[in-house]
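Residue numbers (the numbering used here), protein chains in the order written: chain F, 1 to 113; chain B, 1 to 111.
I should point out that these hints are in silico values taken from the structure, not numbers from a laboratory.
25 Å max Cα-Cα, derived SDA-like pairs, lysine to any residue: (1) F:Lys42 - B:Lys1; (2) F:Lys78 - F:Ile26; (3) B:Lys1 - F:Asp63; (4) F:Lys42 - B:Pro40; (5) B:Lys42 - F:His10; (6) B:Lys98 - F:Glu59; (7) F:Lys57 - F:Gly40; (8) F:Lys83 - F:Thr113; (9) B:Lys1 - F:Gly40; (10) B:Lys98 - F:Ser87; (11) B:Lys42 - F:Phe61; (12) F:Lys57 - F:Glu44; (13) B:Lys98 - F:Ser73; (14) B:Lys1 - F:Gln41; (15) B:Lys42 - F:Val112; (16) B:Lys42 - F:Arg109; (17) F:Lys57 - F:Ser81; (18) B:Lys1 - B:Gln54; (19) B:Lys42 - F:Gly40.
Covered stretches of chain B (chain F as the covering partner; in silico rule of three or more C-beta atoms under 8 Å from a C-beta of chain F): (20) 28-34; (21) 40-46; (22) 81-95; (23) 99-106.
Even glycine gets a Cβ: it sits at the ideal position worked out from N, Cα and C.
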Amino acid sequence: EPEVTQTPSHQVTQMGQEVILRCVPISNHLYFYWYRQILGQKVEFLVSFYNNEISEKSEIFDDQFSVERPDGSNFTLKIRSTKLEDSAMYFCASTGTPTYEQYFGPGTRLTVT
Amino acid sequence: KQEVTQIPAALSVPEGENLVLNCSFTDSAIYNLQWFRQDPGKGLTSLLLIQSSQREQTSGRLNASLDKSSGRSTLYIAASQPGDSATYLCAVDQGAQKLVFGQGTRLTINP
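Sequences and hints are given; from them, build the entire structure.
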């Protein structure tokens, strides 16, 4: 069964460093998303992406964040200069028509020290 | 701003019981509602999606209902099993495909 995959599963980085989180969405899906979940808190929407551009973004998704679909299969989230408060589980999701049911990857746990 | 609330926050029941998890949302203008399961430290597994025009959806021992006008959804789990132990999340999509999540109900099924 097709699934969303994410790499790495765990990333440790120092404050101020750049990180890139990678996702491979389900192959025939056209809509892609990033969410995050800080430990003990709700899952929060970050950004949605369609047709090679951002469809919607939350207040969290400031200039430190960017997304890219560099080729036909990968979808990436870049954080330019990480802060302690960026420590969270980051989930990628994808969906297709007509139901728009979102399928999530296993997540990348980002720890900023 | 859409707010999603799930009650109870935690629930512990003996194996074999039928149970109901509740989800409420403040803005009834939704496109669909999705129920997810999350195991500790893991990703989200989609269980059921209900379109705004539907009243309920069923998958195996799971049945989800939606009352859009009152801003409520329930997830019914029949004949619970220890393997059902997980956190169950409710999320609503208001048409921008931006899911707004509840805090979740942590379910424990005791053998």
